[in-house]
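Peer 1: Working from the sequences, and respecting the hints, build out all of it.
Residue numbers (this note's numbering): 8 to 204.
For the record, the hints were derived by calculation from the structure and aren't laboratory data. We put the CB at the ideal spot given by N, CA and C, even for glycine. Hints are supplied without guarantee of correctness; some may be wrong.
Claimed, not checked - So the derived label-pair ranges between C-beta atoms look like this:
| id | residue 1 | residue 2 | range |
| --- | --- | --- | --- |
| 1 | Arg144 | Glu102 | 29 to 35 angstroms |
| 2 | Gln169 | Pro141 | 14 to 20 angstroms |
| 3 | Lys156 | Ala182 | 16 to 22 angstroms |
Claimed, not checked - Computed list of lysine-lysine pairs in DSS-like fashion (alpha-carbon distance at most 25 angstroms, straight line):
| id | residue 1 | residue 2 |
| --- | --- | --- |
| 4 | Lys99 | Lys156 |
| 5 | Lys165 | Lys42 |
| 6 | Lys156 | Lys196 |
| 7 | Lys176 | Lys98 |
| 8 | Lys165 | Lys176 |
| 9 | Lys165 | Lys177 |
| 10 | Lys156 | Lys36 |
| 11 | Lys202 | Lys176 |
| 12 | Lys196 | Lys99 |
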Amino acid sequence: MCEHRGPEDLFYWLEAAHQEEFNGFLRRKYVSLSKEDLDDAWAEAYRQLLEKLATNKNGSPKPLGGLMLTIVNRRACDLVRRAGSQARKLKKYQEQAKTHAGPNENPDVQENGDPLESEELGEIVARAFRQLEPDERLVLSVYCEEYPKVRGPIRLLKVLLQRDPTLAKKNWTPAIVRRLLNQARMSVKKELLGKGY
Numbered sequence: 008m009c010e011h012r013g014p015e016d017l018f019y020w021l022e023a024a025h026q027e028e029f030n031g032f033l034r035r036k037y038v039s040l041s042k043e044d045l046d047d048a049w050a051e052a053y054r055q056l057l058e059k060l061a062t063n064k065n066g067s068p069k070p071l072g073g074l075m076l077t078i079v080n081r082r083a084c085d086l087v088r089r090a091g092s093q094a095r096k097l098k099k100y101q102e103q104a105k106t107h108a109g110p111n112e113n114p115d116v117q118e119n120g121d122p123l124e125s126e127e128l129g130e131i132v133a134r135a136f137r138q139l140e141p142d143e144r145l146v147l148s149v150y151c152e153e154y155p156k157v158r159g160p161i162r163l164l165k166v167l168l169q170r171d172p173t174l175a176k177k178n179w180t181p182a183i184v185r186r187l188l189n190q191a192r193m194s195v196k197k198e199l200l201g202k203g204y
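Peer 2: If you want it as structure tokens, here you go:
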């Protein structure tokens with residue numbers, strides 16, 4: 008932290024240079040954090056801070072800078088935990104697939120997988136995908152292609168804008184991207200459930 012300013016000085020911590028100073032601390036504490044993780048943590052801190060200020064009827068909580076740094080730290084910790092949890096789950100599923108696969112079977116295919124059933128499942132997903140609105144289809148396809156790099160709506164929006172700069176005219180926010188992705192997922196899920204999957 009800076010010797011001149013304490014955590015109570017909110018405006019000090021709103022400047023990018025000083026945020027980078029705190030990011031250095033977080034990178035030493037949580038080695039696996041990426042720049043995108045830190046951007047997510049700061050965005051979440053801004054959102055929560057504004058939410059607290061809007062809902063607090065007794066005036067603003069003190070110190071605001073300290074509150075924001077606490078939120079960033081907690082969010083960074085959550086991101087590291089979630090990434091570790093996802094990696095452990097993926098490893099577990101891969102091991103289970105290898106255990107259940109026979110000597111001549113592909114572990115990526117379901118155990119006792121019927122080729123006709125796999126084909127039907129693919130057709131259902133393709134049909135559901137075609138029925139999505141164009142924006143939903145775009146968001147879901149980029150999400151599926153780029154996962155896990157696009158964990159979180161901020162990263163997904165960044166990749167979407169890199170792929171299609173004309174999207175900047177739509178003024179999409181991370182909240183809009185999250186909503187489109189959730190709507191697309193629910194539509195595909197509804198189609199699968201309707202067919203008994």
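Peer 1: If a hint holds in the structure, say so; if it doesn't, say that too.
Peer 2: Each hint tested on the structure:
1. A C-beta distance of roughly 34 angstroms is found between Arg144 and Glu102, which places it inside the suggested range of 29 to 35 angstroms.
2. A hinted range of 14 to 20 angstroms holds for the C-beta pair Gln169 and Pro141, which are about 19 angstroms apart.
3. The beta-carbon spacing between Lys156 and Ala182, approximately 20 angstroms, falls within the hinted interval of 16 to 22 angstroms.
4. Between Lys99 and Lys156 the alpha-carbon distance is near 20 angstroms, which keeps this suggested pair within the 25 angstroms criterion.
5. Proximity of Lys165 to Lys42 is assessed by CA-CA distance (about 13 angstroms); at most 25 angstroms being required, the pair is judged to hold.
6. With a C-alpha separation of about 23 angstroms, the suggested pairing of Lys156 with Lys196 holds against the 25 angstroms cut-off.
7. About 41 angstroms separates the Cα atoms of Lys176 and Lys98, which puts this hinted pair outside 25 angstroms; it is violated.
8. At most 25 angstroms may separate the alpha-carbon atoms for a hinted pair to count; Lys165 and Lys176 meet this at roughly 14 angstroms.
9. Of the supplied pair hints, the one linking Lys165 and Lys177 holds, its CA atoms being roughly 14 angstroms apart against a limit of 25 angstroms.
10. For the hint linking Lys156 to Lys36, the alpha-carbon distance of about 22 angstroms falls within 25 angstroms, and the restraint holds.
11. For the hint pairing Lys202 with Lys176, the CA-to-CA distance comes to about 38 angstroms; that exceeds 25 angstroms, so the pair is violated.
12. Proposed proximity of Lys196 and Lys99 is supported: the alpha carbons are some 24 angstroms apart, at most 25 angstroms.
Hint compliance for this structure: hints 7 and 11 are not met, and every other hint is.
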